[in-house]
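Novice: Residue numbers (the numbering used here), protein chains in the order written: chain A, 4 to 472; chain B, 4 to 472; chain C, 4 to 472; chain D, 4 to 472.
One thing to keep in mind: the hints can contain errors.
Identical copies look the same in the list; a pair holds intra-copy or inter-copy alike.
[To be verified] Below, computed lysine-lysine pairings styled on BS3-like, alpha-carbon distance capped at 30 Å:
| id | residue 1 | residue 2 |
| --- | --- | --- |
| 1 | Lys179 | Lys303 |
| 2 | Lys337 | Lys456 |
| 3 | Lys215 | Lys456 |
| 4 | Lys456 | Lys165 |
| 5 | Lys215 | Lys179 |
| 6 | Lys165 | Lys215 |
| 7 | Lys215 | Lys337 |
| 8 | Lys343 | Lys103 |
To be clear, the hints were calculated from the coordinates, so they are not data collected in a lab.
Only a predicted model underlies this, so the values are computations on that prediction, with no experimental measurement involved.
Number of protein chains: 4
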Amino acid sequence: MAAFDCVIRGGEVFVSQALVRCDIGIRDGRIVALGEHLDAGDEEIDASGRWVLPGGVDAHCHLDQPMSDGAVMADNFETGTRSAVCGGTTTVIPFACQFKGQSVWAAIEDYHQRASQQSYADYAFHLIVSDPTPTVLQDELPRAIAEGYTSFKIYMTYEDMKLNDRQILETLMVAKSAGAIVMVHAENADCIDWLTELLESAGHTTPEYHAKARPSAVEREATHRAITFSELVDVPILIVHVSGAEAIEQIDWARRRGLNIFAETCPQYVFLTSDHLHDPEGCGHKFICSPPPRDQANQKVVWNGLRTGTFQVFSSDHAPFNLDDPKGKALHGKNASFSKIPNGIPGLETRLPLLFSAGVTQGQLSLARFVNLTSTYPARLYGLFPQKGVIAIGADADFAIWDPHATWTIANADLHHAVDYTPYEGITVTGRVTETVIRGRVVQRDGRLLVEKGSGQFLRCHAPDFDLM
Amino acid sequence: MAAFDCVIRGGEVFVSQALVRCDIGIRDGRIVALGEHLDAGDEEIDASGRWVLPGGVDAHCHLDQPMSDGAVMADNFETGTRSAVCGGTTTVIPFACQFKGQSVWAAIEDYHQRASQQSYADYAFHLIVSDPTPTVLQDELPRAIAEGYTSFKIYMTYEDMKLNDRQILETLMVAKSAGAIVMVHAENADCIDWLTELLESAGHTTPEYHAKARPSAVEREATHRAITFSELVDVPILIVHVSGAEAIEQIDWARRRGLNIFAETCPQYVFLTSDHLHDPEGCGHKFICSPPPRDQANQKVVWNGLRTGTFQVFSSDHAPFNLDDPKGKALHGKNASFSKIPNGIPGLETRLPLLFSAGVTQGQLSLARFVNLTSTYPARLYGLFPQKGVIAIGADADFAIWDPHATWTIANADLHHAVDYTPYEGITVTGRVTETVIRGRVVQRDGRLLVEKGSGQFLRCHAPDFDLM
Amino acid sequence: MAAFDCVIRGGEVFVSQALVRCDIGIRDGRIVALGEHLDAGDEEIDASGRWVLPGGVDAHCHLDQPMSDGAVMADNFETGTRSAVCGGTTTVIPFACQFKGQSVWAAIEDYHQRASQQSYADYAFHLIVSDPTPTVLQDELPRAIAEGYTSFKIYMTYEDMKLNDRQILETLMVAKSAGAIVMVHAENADCIDWLTELLESAGHTTPEYHAKARPSAVEREATHRAITFSELVDVPILIVHVSGAEAIEQIDWARRRGLNIFAETCPQYVFLTSDHLHDPEGCGHKFICSPPPRDQANQKVVWNGLRTGTFQVFSSDHAPFNLDDPKGKALHGKNASFSKIPNGIPGLETRLPLLFSAGVTQGQLSLARFVNLTSTYPARLYGLFPQKGVIAIGADADFAIWDPHATWTIANADLHHAVDYTPYEGITVTGRVTETVIRGRVVQRDGRLLVEKGSGQFLRCHAPDFDLM
Amino acid sequence: MAAFDCVIRGGEVFVSQALVRCDIGIRDGRIVALGEHLDAGDEEIDASGRWVLPGGVDAHCHLDQPMSDGAVMADNFETGTRSAVCGGTTTVIPFACQFKGQSVWAAIEDYHQRASQQSYADYAFHLIVSDPTPTVLQDELPRAIAEGYTSFKIYMTYEDMKLNDRQILETLMVAKSAGAIVMVHAENADCIDWLTELLESAGHTTPEYHAKARPSAVEREATHRAITFSELVDVPILIVHVSGAEAIEQIDWARRRGLNIFAETCPQYVFLTSDHLHDPEGCGHKFICSPPPRDQANQKVVWNGLRTGTFQVFSSDHAPFNLDDPKGKALHGKNASFSKIPNGIPGLETRLPLLFSAGVTQGQLSLARFVNLTSTYPARLYGLFPQKGVIAIGADADFAIWDPHATWTIANADLHHAVDYTPYEGITVTGRVTETVIRGRVVQRDGRLLVEKGSGQFLRCHAPDFDLM
């Protein structure tokens with residue numbers, strides 16, 4: 004019998020902030036040895052000339068999530084996770100969304116059904132809390148935490164989701180007492196509604212007005228408010244999909260005051276601008292997501308935040324809608340006002356290559372920071388570490404094996420999601436995930452899936468680790 | 004033949020931000036295997052119940068450094084590094100100090116003689132540049148960098164050391180073009196001299212006036228000025244021994260602007276205050292170092308900076324002088340004015356236990372952050388990584404093996420330096436380094452040295468790694 | 004016939020930032036001459052040895068205002084303005100408060116009835132907008148502005164008053180288009196309610212918990228939010244009764260960004276602290292007002308804001324309730340929880356002497372700044388200038404004649420309001436208003452009223468002047 | 004005998020932040036009456052339809068100042084003050100410059116000779132302290148202050164002028180103890196020299212490199228440093244000719260901390276940019292002054308600073324050199340490197356019209372703020388108030404009488420200085436000073452001088468007034 008089920012041999016392996024030449028020995032899906040010249044495995048993967056990084060953890064994505072307006076997402080768990088693993092992501096954490104009036108448990112069960120036997124990647128669930136009734140707060144959420152659902156997302160905008168200030172405070176109290184992390188979508192609902200009505204009543208309905216209806220000040224205000232709630236309750240929070248300088252200023256200000264404010268940003272805030280919404284050929288709706296992309300000056304500040312520690316998490320916020328689909332971006336017709344267009348863009352598969360190329364290859368981001376942002380820190384924050392997010396003895400054998408020098412151009416035709424476009428079409432990147440390994444099995448090689456759907460496993464999350472740095 | 008020269012077995016090993024249970028296989032002084040149930044080694048170390056962390060890197064200490072005023076340091080390389088290894092530090096980077104008029108190479112050679120066959124720890128040298136003549140700038144420093152002396156310290160104060168603004172700019176230019184990191188002692192010399200004369204002429208000469216002669220504003224000003232030089236030259240710098248909120252404000256401000264400003268702090272700024280200088284029994288001179296310790300509010304801001312990323316390095320700034328020694332603190336007599344008392348306090352052996360206890364044990368600092376600050380980041384910044392500062396295949400087998408639960412009280416009688424006091428006498432800490440391992444050899448166990456002096460090796464530094472995060 | 008109805012002779016008169024020796028000639032209630040050695044008047048007032056300043060304008064006071072909880076204010080227009088003029092204030096701007104469901108015009112008419120033939124001081128009205136229905140926004144408010152009610156106060160807290168974010172935006176739009184200034188009471192209602200319930204459920208009901216239920220963060224958040232609304236609508240606002248450093252930080256931040264944010268503070272934030280609420284003799288309720296007084300560190304920041312331009316207005320926020328009165332502070336009994344005690348403290352008569360003494364006499368505030376804060380700037384901001392707030396040809400002959408050297412101790416027994424206490428009892432001040440002159444008539448001398456009630460006139464306000472500096 | 008020597012009748016007169024319709028009665032050069040329908044004067048000036056403002060005080064200008072490099076200023080006291088009064092300025096404060104090795108008194112006497120019987124405007128002197136020897140510090144400066152020279156300017160750059168940090172501290176100590184105000188030219192000399200050598204050695208010598216040799220960071224650093232000295236000595240200072248956002252950030256930061264930092268800016272920082280230095284026709288040297296003009300973003304921040312209180316003084320920094328003159332801008336030839344071109348631009352006559360037009364006429368600045376910045380505040384700061392800088396009984400009868408509606412275009416041909424260009428050629432402004440009155444005499448009307456040179460008087464300054472706001 005071979006010493007190992009599998010040995011990955013000859014690669015440069017990322018451990019402890021360093022790329023070191025070593026072999027990886029795997030047994031029963033776990034890493035059991037790191038060393039020079041390991042004995043043979045039943046299977047051998049030749050990683051020479053390549054980099055072996057921890058598999059990506061995409062901590063913010065929407066898959067097969069029912070929408071209250073009737074829109075239907077283009078990706079279910081099968082297509083979404085197929086896309087994820089082809090982009091080097093081995094764990095995804097989509098949302099189980101409670102609708103108003105619904106039990107949290109009903110939502111959890113619904114999502115388990117949607118995911119069951121479908122996923123290529125391992126997966127956990129965040130809960131979206133949209134109706135924090137006393138029962139939910141006192142009974143359902145504490146129990147859900149105990150059973151491995153240790154992160155809640157709350158919305159400060161969207162009519163069907165948003166919590167008022169009091170509800171946010173009460174939800175934070177549960178997170179504090181029962182040990183969860185709260186993710187906050189921070190935009191001021193009233194301001195957006197008011198601006199939207201002003202714009203629409205002036206006839207401004209094309210996609211570029213989406214950005215004008217959600218200016219930075221609206222995000223900054225809600226960010227400041229959420230920080231205040233975190234301060235009053237004395238519990239950490241994470242601000243999701245931070246788009247630019249104004250929200251960053253608030254977050255940095257809070258951290259200098261000693262508050263535990265975490266922050267996430269996404270590819271759209273470093274690779275897109277609001278100019279994309281102003282598409283002369285009428286495809287601005289491709290880029291409608293919230294908050295909207297800002298401008299180049301903001302991109303630069305986001306990069307600085309990635310580099311210097313404002314951000315701990317870089318996620319896709321994958322929210323997939325087909326373009327001409329009457330159940331997608333064209334829900335209310337092709338000429339519907341921006342406010343009627345489903346929000347969100349796809350990004351599960353492109354997240355890692357985009358950041359690797361613009362960050363690591365081009366020298367804006369250390370490799371250690373790249374791995375932290377895309378894998379280790381989300382695993383730690385969301386209670387999956389050290390099972391996930393790290394190459395260490397005992398951890399799951401999840402890897403993205405990179406050819407750091409491969410140069411290629413993003414084309415939707417080559418992607419594996421079920422969405423009919425990518426907002427990043429035509430961008431050339433350097434760095435490609437040639438193989439993705441989950442629990443010791445190669446799930447894709449060069450874009451070909453080597454396992455059946457359903458091989459991904461559900462993960463129960465432990466308590467969040469707030470001591471990231 | 005055993006597979007390994009040595010195996011450390013059964014410990015919780017810190018790799019990649021995590022403590023994982025695994026064995027460490029060592030051959031020829033290097034880590035060659037990490038795994039569960041490794042084969043036997045010629046030597047076996049039982050680490051069960053303990054934590055195996057990377058050996059500490061103390062990147063700021065003064066050993067056997069000749070002083071222009073005739074003072075003599077209490078520690079030479081033998082006693083200083085003996086103390087270091089007993090405190091869990093495996094690599095030290097003291098200073099080779101150029102005197103005005105002296106060649107840099109003469110300084111380097113002098114220090115090699117002082118260190119040769121004396122050191123228990125591995126060691127590299129920073130250069131102190133006090134006379135940046137054209138020859139030094141154009142010839143000596145670039146050559147020194149090429150030969151492994153890749154960090155310079157410069158002073159903005161001290162009559163015999165300080166550079167003027169122009170000299171600093173020119174030294175930074177060399178660092179930029181030849182690839183070194185510049186460490187800056189940031190205090191405004193003229194302000195200190197002026198305040199000192201005012202105080203002394205008013206009869207205020209006792210040690211507490213040391214702090215009044217060097218208020219925070221004096222440090223803040225020089226910090227801002229150094230940042231400006233870094234910005235103009237477009238080269239990173241590191242501000243050493245940052246003492247409190249005012250300098251931190253400048254550093255954080257610079258980082259938010261995208262500048263590459265690194266920062267170090269020391270035990271004296273989190274465990275001492277200026278009240279210690281005001282000793283009714285006349286021992287205030289024990290605590291005279293520059294910048295001086297501040298107050299509790301500043302300590303809190305320093306802690307926040309350690310926790311949130313202002314600081315990358317936590318060093319001892321060990322500068323050892325005996326108390327009643329006419330070549331030490333009493334150089335000009337026991338009642339000499341504060342301005343005549345040699346600056347500096349010892350700290351090589353207490354650095355790690357103090358921070359471990361107040362930080363990790365008491366929950367102010369994650370273990371990952373502790374390791375980064377005391378080992379990994381200094382190794383990376385100063386070009387010793389991944390040989391030093393990390394537990395990874397191929398790295399030197401340098402470890403501090405901790406009993407994380409041992410509680411003990413610091414007493415100078417138990418320390419291994421040659422200084423007649425410790426400023427931390429009587430502080431009770433939890434966490435103790437029971438064994439220190441350098442290149443696979445146990446150099447101390449429970450405070451007993453197990454090797455001969457001179458076992459430490461000289462290290463040539465590579466280019467600094469500025470992409471820490 | 005004498006050249007003047009009245010001549011004030013021989014005083015040091017404050018004009019254009021200077022105290023100059025000159026006479027003031029008055030005819031028909033207006034200043035018609037300033038000069039050396041003016042001709043005789045029918046009446047002569049000898050001001051030699053004294054300072055003649057513009058009469059005070061108290062732009063924030065509550066008089067005879069019906070409360071939705073049944074509490075009854077201790078002062079009506081007669082007693083309140085009697086007190087005001089005895090303290091050197093010649094113009095007051097109390098509030099005409101719209102209740103929910105009520106027409107703004109009904110509120111205005113109600114207050115005119117309450118004030119008519121009662122007032123010693125001249126008076127205008129701010130409107131409190133608590134129910135911005137479409138009719139109110141589109142019709143009533145624009146018409147009210149046109150008729151001289153050019154300032155609205157809105158509340159972000161208090162159940163019966165508070166507007167939601169959308170209502171605030173819409174009210175600001177009216178202010179922008181029709182030319183009014185909006186005053187904002189900035190505290191987060193939900194946070195206060197939540198904290199109050201937490202405290203009360205823990206049995207913490209004594210007055211000191213009033214401050215704990217309304218911490219600085221709650222005020223800061225609402226201030227930041229109000230600033231955001233001002234920014235989005237692009238209209239100036241004024242934050243009333245700012246209590247300390249946290250809100251000030253937001254205001255200064257906004258002003259540096261070029262936003263037109265004005266701010267007011269009150270005597271309670273420089274002369275009281277939250278310690279007053281913690282009265283061992285059970286009189287903490289004397290000091291219950293919102294926001295609550297903070298601590299000495301905050302006082303210092305408020306002083307700096309008064310001195311350097313954060314604040315444009317220093318008002319009393321006079322809100323008078325008797326202590327043991329079942330219609331006053333004891334509305335729900337003497338042992339009622341802090342949340343049931345009517346908010347507010349008296350201060351019309353003590354506002355000017357307190358600030359004069361601690362500011363001008365003690366050298367913290369220039370005389371020019373004192374006059375701006377207490378008279379000129381409120382007159383300008385609220386559209387009463389140059390009729391009020393200045394000593395200039397054509398202005399109303401309203402003066403406070405001060406003995407700048409008189410030292411006296413505040414005692415409620417000597418005050419002229421109808422409230423049974425003053426929170427400033429026992430404070431000794433230097434500087435006393437010996438005579439108050441309104442439109443050329445001496446209304447009080449040494450605390451004796453020399454005119455009948457009803458001599459005060461109603462003032463219609465012009466558009467606000469936002470170019471204060 | 005008429006009641007008044009002169010009456011200015013029917014104008015709108017600026018007093019106490021307001022324009023009021025009144026007559027001004029003058030006797031013996033002083034204002035003795037303000038009133039409606041004053042009696043006749045021996046002379047009558049009809050100001051109907053016009054605005055009567057306090058005469059301008061230009062607190063920063065260089066006249067007939069000998070230069071150590073041999074350059075000769077184009078304006079002496081006659082031509083400079085002729086220009087000043089034609090632009091509405093009635094008081095100038097040029098510099099009496101001490102050269103190294105020279106007694107302060109020798110400098111004062113030299114300048115009195117230069118000014119005597121030459122000036123059209125009243126004048127005082129600032130002292131430039133370039134050699135603070137013990138005699139100067141202990142004897143000459145205190146005596147000079149006692150005799151009416153109560154402001155010192157010091158330089159942090161310029162080889163022949165600059166003080167080192169210690170000298171600055173000692174000069175500030177004299178200012179503190181003897182009651183003077185110190186004006187600081189804040190740019191880091193070493194940085195400028197170093198950058199200049201780098202640029203010149205790369206062949207970059209044309210005028211646009213003047214701006215690159217003095218970037219904002221160089222000014223910001225020196226500003227921060229000067230603020231630190233002010234803080235340590237605990238004495239107010241004024242930063243002269245602040246050019247943009249970076250220095251402003253430091254000044255605002257200092258003021259928020261409670262420090263008494265005053266600031267001045269000049270027309271070049273709101274009406275010119277560094278693009279002017281990049282003149283394709285080779286006239287960039289016209290615009291060489293230090294600090295250099297910045298860009299439009301900086302202009303906007305300077306405007307905000309003028310509007311919100313960062314700045315107290317708006318001066319010309321008139322430093323006149325002829326363009327093709329071998330004793331002027333062409334001192335070292337027309338193709339000399341930027342570093343050899345005399346620094347400075349003319350501006351005495353254009354200062355008030357430029358700010359009035361862009362500020363008051365265009366609504367960026369209130370009239371009160373305009374008067375404060377250009378007249379009242381400099382008079383107060385420099386100890387000339389209330390004799391100068393205000394329209395009040397007892398003050399000197401100095402006025403600028405404005406036609407606020409006159410629109411005209413600046414042309415050097417129409418100006419009254421002796422310089423062969425104006426940097427503001429071709430700018431159209433609205434607002435013109437039609438008459439200038441000094442101590443009751445009309446000195447110019449519509450650009451024609453009505454008095455002889457020498458009518459201007461020397462003014463001794465009192466202690467500075469630091470309580471401006």
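Novice: Now, for every hint given, state plainly whether the structure supports it.
Specialist: Results for each hint:
no., hint, verdict
1, Lys179 <-> Lys303, "between (34 Å within a copy, 23 Å between copies)"
2, Lys337 <-> Lys456, "neither (34 Å within a copy, 70 Å between copies)"
3, Lys215 <-> Lys456, "neither (42 Å within a copy, 55 Å between copies)"
4, Lys456 <-> Lys165, "neither (34 Å within a copy, 54 Å between copies)"
5, Lys215 <-> Lys179, "between (36 Å within a copy, 20 Å between copies)"
6, Lys165 <-> Lys215, "both (21 Å within a copy, 28 Å between copies)"
7, Lys215 <-> Lys337, "within (20 Å within a copy, 52 Å between copies)"
8, Lys343 <-> Lys103, "within (21 Å within a copy, 34 Å between copies)"
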